[in-house]
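Could you build all of it, start to finish, from the sequences and the hints given here?
Protein sequence lines correspond, in order, to chains A and U. Residues in the first sequence are numbered from 157 upward in steps of one, following the working numbering. Residues in the second sequence are numbered from 1407 upward in steps of one, following the working numbering.
Calculated from the structure, these hints are not laboratory results. C-beta: ideal position from N, C-alpha, C; glycine also. Treat each hint with caution, since some may be false.
Stated by the list, open to error - To be clear about the criterion: a stretch of chain U counts as covered by chain A if any three or more of its residues have a C-beta under 8 angstroms from a C-beta of chain A, and this derived list gives those stretches:
(1) 1591 to 1604
(2) 1720 to 1729
(3) 1840 to 1849
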Amino acid sequence: MSRVQQPTEQLTEQPAEPPSGRRGFLTKLLAICCGGLATLPPLAAGVWMFLDPLRRRGAAATFLPVTELASVPDDGIPRQFAVVSDSVDAWTGFAAEPIGAVYLRRQQGSDTVEALSATCPHAGCFVEIESREKCFRCPCHNSTFMLDGRIVAPSPSPRAMDGLDCLVAKNGQITVKWQNFYTGIAEKVARP
Amino acid sequence: MSKHIPPVQKYGPQPPVNRPGLLGQLANFLDDRTGYRALVHEALYERVPGGARWRYVWGSTLVFAFMTQVITGLVLWSSYAASAQTAWESVYFIQHEMTGGWLVRGIHHVMAQMMVVLLALHLMQVVIDGAYRAPREVNFWLGLVLMMLVLGMALTGYLLPWDQKGYWATRVATNLAGLVPLLGPSIQQVVVGGPDYGHHTLTRFFALHAGFLPATLVLMLVVHLSLFRKHGLCARQPITRPDAMFWPDQVLKDAVAMLAVMAVVLGVILMPALRAMLEGRPIVPGELGAELGAPADPSQPYAAARPEWYFLFLFQFLKVFEGWGASGEFIGAIVVPGLVMGVMFLMPILGRWQLGHRFNIAFTVAILAGAGLLTAMAMNEDYAALWADRASYADVEKLLEETDGDAAKIAAHFGNDPAKITAFTVRSKKLTKIRHSQSFLDASAQAEADAARSIELAGRPERIPSAGMLELVRNDALSQGPRLFAQHCASCHAHVDPAAPNAASLLAKASAANLHGFGTAAWMRGLLDPKQVAGPAYFGNTAHKEGDMVTFVQHDLTDAATWKPDDIEAVIVAMSEEAGLAAPDAAPAVVEKGRGLIADGDRCGSCHTFRDNGVAAGSAPNITGWASREWLVGIITDPTHEQFYGDSNDRMPSFGKTEEGAAPMLSGRQIEMIADWLRGDWYRPTAHGH
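Shown next as structure tokens:
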């Protein structure tokens, strides 16, 4: 027993079965194509934009001034230095901001400097120097390296610390070729 | 409505009915047009075979937890700004300045952790009850996908405050994603939003966290719940009690469980407040709930980097593959987690056989126990130094120091006795673990101090500059001073309170003056003390050990006829006044007297230029404005300047002077920050704050 009357106007009988045969097939095909075509532009445009980062490249690896020779004591103990550079993050331009860090090491009486990236080749943490144990150690998974960057076995890291090209100018200015490398693989491959 | 004639009257006599009231009529109106009563009936009057049980509450608590996250998340969203210069800043504002911000963020943060716990419980219950068996396989798979979506939201949410902790943890997580075969590097670049971490890492993680992942989760959850209803509850066998309805028997149990979950969440948030209250400390709402570290800085090491506790087992798992090379990390981060998920997806198939079902239960228990064990191992490695007795390793420490860790020397020490050497090796390994743990604890303490300082700075009346919080931190004397000092000054200078227990050993290692309290009367009193001037805290370890100043202090100043104690004290007060660091109660007359003595050509003025005493530069440092900011900046910039040590400068580099074309060792701002830090001159909040 209903409280209100159902609508009195009768719906015209609809065919119970969808159209079959060639016309039916064409209708279905068209319906799917139209619907698909309508949905495609936003979807494709969205994917296109979402994948934009794939065509972004980092700044080309260039030699950046880091410090001068007098700041690197010639005792064979690496010291950490900030790498300062102009940089761009999407829409923001940074003038002379620290963008990362390197370890510089000078042997006794030597005028050449070795540079190591401070990024752990295992998973990308910031490797620290253990002055007491005279080694590098990553605070994340305990990858350990000798002061020249070679691996101390057994280590979770698949390779030695990444060396960076380093130049010492006549006036003592040290420049380092700033690069990032893929982590977690045995080979040292620079990121694009 | 009075004109409304119920349609029943149209059809002649009817048995008397209770006419519905106004609300009832409205309900009828809605039901006629939507059929909601049937829907509600269907939702509430689900048959629960064997009656309501506590073990069925986990799914409901998860839905509740998710709804909590949606509510708090939307409110957080309304105050959050995803960019590298606004994320930390807006989260700071939510946490420390907005009314109730700490509570909303706290609930969101703690409930996220509860969700992981509830997921584990729900999974256990489903596996043990065999609720994945036909026809519920698809729903079990959906549940696994839901679990991964929740974990994905936890992972992406960790970055959003853009603090050091989230930043470094995310670097590791995205680097691991880069290990996926073939597509890894591309996946990483798309997720990170470019070749480097920045604005687009945040915007993408935020879109994932608050858009893609929860939208997918809602879709999946709708299907998950409707399939659950379609199949009905998978009752615990054997059924011994009569069936009951979902409403109200099971709903009551669910509601009690939700209340318990919420109570735990609030308890975790408010526990520190209760503790503060009991200890009589003031309650600072901003310190409750979720913490906020120092702002993300790619150039600043963060040795306390750890994932959230529920991911610690994965973190620890990577350490298991020591010495496996590249394959170890691949196996640990990709293969094993992939295989475990694979087995879990196969559970409904395996569960068809009784043995398979037992295997599934054993597997789930083993995985959870393994994760628990790895978590405990990670915690133990990090916190071992808290309970280890480091003092009992003093002999190991001493021997390692003496031998420089040289194996041959250690062997010789033990007379090449293999048993003793082995015992020593075992103990030295244990010591190394304690040391590593101590480094982690130190780094955590440093991280906490940095976080507190950032929050203090953000609350300045001048507010955060438009360039963002990082600029403020990078220009803060208290944050940067000690780091710059450690890097550039500490290889010669000590900076230790002479009253500290380890002061003597630290001073002995230094090869230049102790700069702790430089510019204060106390420091000057030590310099003018004949016993100390040639000691390690002053000129003792320098080329000036037998210089004019030492001779003056040890001979002239001890002549009581020319230097009465009051005179020396007046000089001390006047010098600290030059530094601008004199005690507030320094009498002007004493300062005036001291200035006269300093300028006097027969006393200090015989060598030092002071104000207008006419002594030519070059013989000794000009002490006009000694230890003032300007004076310190000058001597750090170039100690070989004639106003300072000139030719008699002992080893100190000219940090601000450069060779032609080369950059100086320290920028002008860095030198200023060292000077300010040495002088104790940095921003301090007033007692009333902002």
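Checklist entry - So which of the earlier hints does this model not fit? => result Violated: none.
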